[in-house]
Amino acid sequence: MDYFLTEEQRLLQEIAYEIVKERIRPVRAELDEKEEFPWAIMRDLAQSDLFGIWIPKEYGGLGMGILENCLVVEQLARGCIGIATTFAASGLGAYPIVLFGSDELKRKYLPPIARGEKLAAFALTEPGAGSDVSAIRTRAVRVGDEYILNGTKQWITNGGEADIYSVFAITDPSKGPRGASCFVVEKGDPGFFFGKKEKKLGIRTSATRELVFNDCRIPRSRLIGKEGLGFIIAMKTFDKSRPGIGALGVGLAQEALDISVEYARKRIQFGKPIISFQVIQHKIADMAMKIEAARALIYSAARYLDTKADAPDASKIAAMCKVFASDVAVQVALEAVQVLGGYGYMRDYPVEKLLRDSKILQIYEGTNEIQRNIIGQELNKEYGRIKESFIR
Amino acid sequence: MHIVVCVKQVPETQNVKIDPTTNTLVRQGVASMMNPFDRFALEAALRIKDMDRDNVNITVITMGPPQAKEVLIDALSRGADDAVLLSDQAFAGADTWATSYTLASAIRKLGSVDLIICGKQAIDGDTAQVGPELATLLDLPYATYVSRIEFLEPRVLKITRQTDEGTAVWKVPLPALLTVLKDVGIPRVRSYRATLRARRYEVPIWGISDLRLSKESVGLKGSFTQVIKVFSPQRAKDRTFIEGSVSEQAARLYELLKKQGVPGL
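Chains as they are written, first to last, in our numbering: chain A, 1 to 392; chain Y, 1 to 265.
Accuracy of the hints is not assured; some may be wrong.
What the hints assert, rightly or not - Calculated cross-link-like contacts (lysine-lysine; reagent style PhoX-like; alpha-carbon spacing at most 25 Å): (1) Y:K109 / A:K21; (2) A:K57 / Y:K49; (3) A:K118 / Y:K221; (4) Y:K49 / Y:K109.
Stated by the list, open to error - Ranges between beta-carbon positions, derived for each pair: (5) Y:V230 / A:K34: 43 to 51 Å; (6) Y:V156 / A:E22: 55 to 63 Å; (7) A:K34 / Y:Q249: 28 to 36 Å.
Stated by the list, open to error - Negatives, chain Y to chain A, calculated, CB over 12 Å: (8) T96; (9) Y192; (10) L196; (11) A250.
Please keep in mind that the hints were generated in silico from the structure rather than gathered at the bench. Ideal Cβ placement from N, Cα and C applies to all residues, glycine included.
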């Protein structure tokens with residue numbers, strides 16, 4: 001379907017998909033098997049300029065928006081969402097600086113991220129603070145011209161591999177959620193350590209590690225925005241990034257459909273290609289419909305959010321993209337394994353990996369349950385403002 | 001520093017077909033691509049540019065029909081700065097001599113050039129002659145089958161060559177010409193910014209009048225050699241696949257060879 005993309009947007013898709021074909025598909029199974037971080041592909045992405053997608057032009061980026069980010073990660077996800085997640089997590093880590101960082105922080109950190117020379121990471125989750133983000137315990141105490149950080153972050157994507165971390169910590173415990181702040185911490189800062197790489201069900205090429213802050217001292221100028229802005233920074237960042245998680249789901253589901261249809265046209269059973277059986281046709285029809293619906297939602301939502309920077313329903317719309325498309329990804333990947341049958345279950349074929357990988361999309365960057373809470377609460381508020389009655 | 005990379009558009013290898021009546025390559029409707037070895041030549045140049053982005057300029061050059069522009073656009077999309085297409089009816093049918101002669105005239109017209117890099121050979125003609133001929137015509141030192149390029153001094157290269165006798169390490173003063181192997185580095189992907197620029201780049205097209213060459217010195221007329229016949233080798237039809245365990249296969253092979261009267265069996 002034609003989504004009336006501009007020449008520039010089509011070019012982004014083209015370049016990202018070329019990397020998928022030439023660089024990612026040939027190595028994805030091996031990277032998954034060895035749980036090896038995809039540095040070679042990160043270098044390709046750096047050369048392609050794609051790391052600069054939503055970094056402003058004055059800081060060396062391409063100055064683009066949510067839609068362009070979605071277009072790129074969707075294509076990369078056709079190759080491997082472990083790799084696409086690694087790429088997207090760097091953008092996520094940079095976004096607090098893009099949105100709220102001082103000019104000094106932007107000048108120092110954004111150009112190397114845009115060039116792909118350095119990866120960034122976003123550090124919010126803690127052992128005791130997942131869906132309940134207000135429960136974070138990492139403390140930042142100001143002492144003179146420095147902040148001293150203590151605490152532990154858990155399951156941080158790009159942890160240990162990234163050079164630049166946006167870290168959320170409590171500066172004023174008496175203020176609850178309003179007492180959180182966001183800081184830039186660099187790999188190599190004194191008192192900043194990494195745990196071991198976690199072993200995961202899927203996206204095994206991506207690095208997920210614990211971050212440990214043990215009297216970690218950073219200059220005061222590393223505070224992003226102001227003290228107490230932490231949760232606002234996190235939520236505004238998610239409003240920008242969540243459609244991108246949906247786009248990862250669309251890309252993964254598209255790959256699952258592409259493989260399923262190609263296989264069903266070739267696989268002969270009962271003397272015919274299995275695609276001639278209605279049961280298979282209905283499966284692939286459902287897969288294709290769900291994918292197109294998810295894509296249409298994400299592209300229009302992304303366009304809307306790009307045009308209306310302070311949309312009052314931004315969180316709701318972003319959450320819808322994330323939930324809908326990630327659910328589609330899991331359903332479609334599951335069905336793809338069924339279409340391929342025994343072959344789908346074998347590691348020789350790429351769909352079992354798609355199924356393992358897809359599950360994370362319903363969990364990270366806010367579980368789908370939390371997303372539904374956001375949507376539900378927002379609907380409750382919206383309808384509270386409507387005077388008209390629909391029930392007579 | 002100015003680097004010239006010579007590239008060639010070749011048919012995609014899977015699609016090579018020969019017209020049985022004319023004995024020439026069927027080019028119409030056949031997808032083409034940059035000669036793979038030339039992609040390594042470009043990569044070698046780009047790696048030198050990576051070391052000093054502001055002071056290294058790369059010009060890609062090709063001779064061919066108008067559609068050969070595609071390989072120049074591809075090279076620009078990967079980071080080359082400029083491109084020149086040598087295209088003229090009179091250039092048609094050139095052998096390696098006439099090709100080198102034309103390329104040499106164009107490179108002289110470009111002005112000061114410090115380094116020329118070519119792929120070791122093109123995968124269609126497989127002659128590996130154009131590089132050395134070009135260097136000879138331009139009176140430049142050259143090294144073929146280069147696997148590694150390093151700088152000893154700003155104007156002196158240390159290059160590693162792979163030859164049938166072994167590995168050779170040479171000191172090469174600039175200006176010079178190198179033909180490279182795939183070992184120089186994996187060709188990079190396209191960049192978004194460079195591709196956007198490449199799409200708007202007006203590739204200059206130089207013909208015989210731009211190069212002040214006579215019709216007699218280029219193309220078929222300027223060639224010392226002519227292709228009389230190109231043909232597909234006859235496929236060997238007697239092919240037998242032997243199956244079974246290793247010992248069964250060995251026994252069967254022994255029988256077959258014996259039946260064919262191989263001496264000593």
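Of the hints given before, which are not true for this structure?
1, 3, 6, 9 and 10
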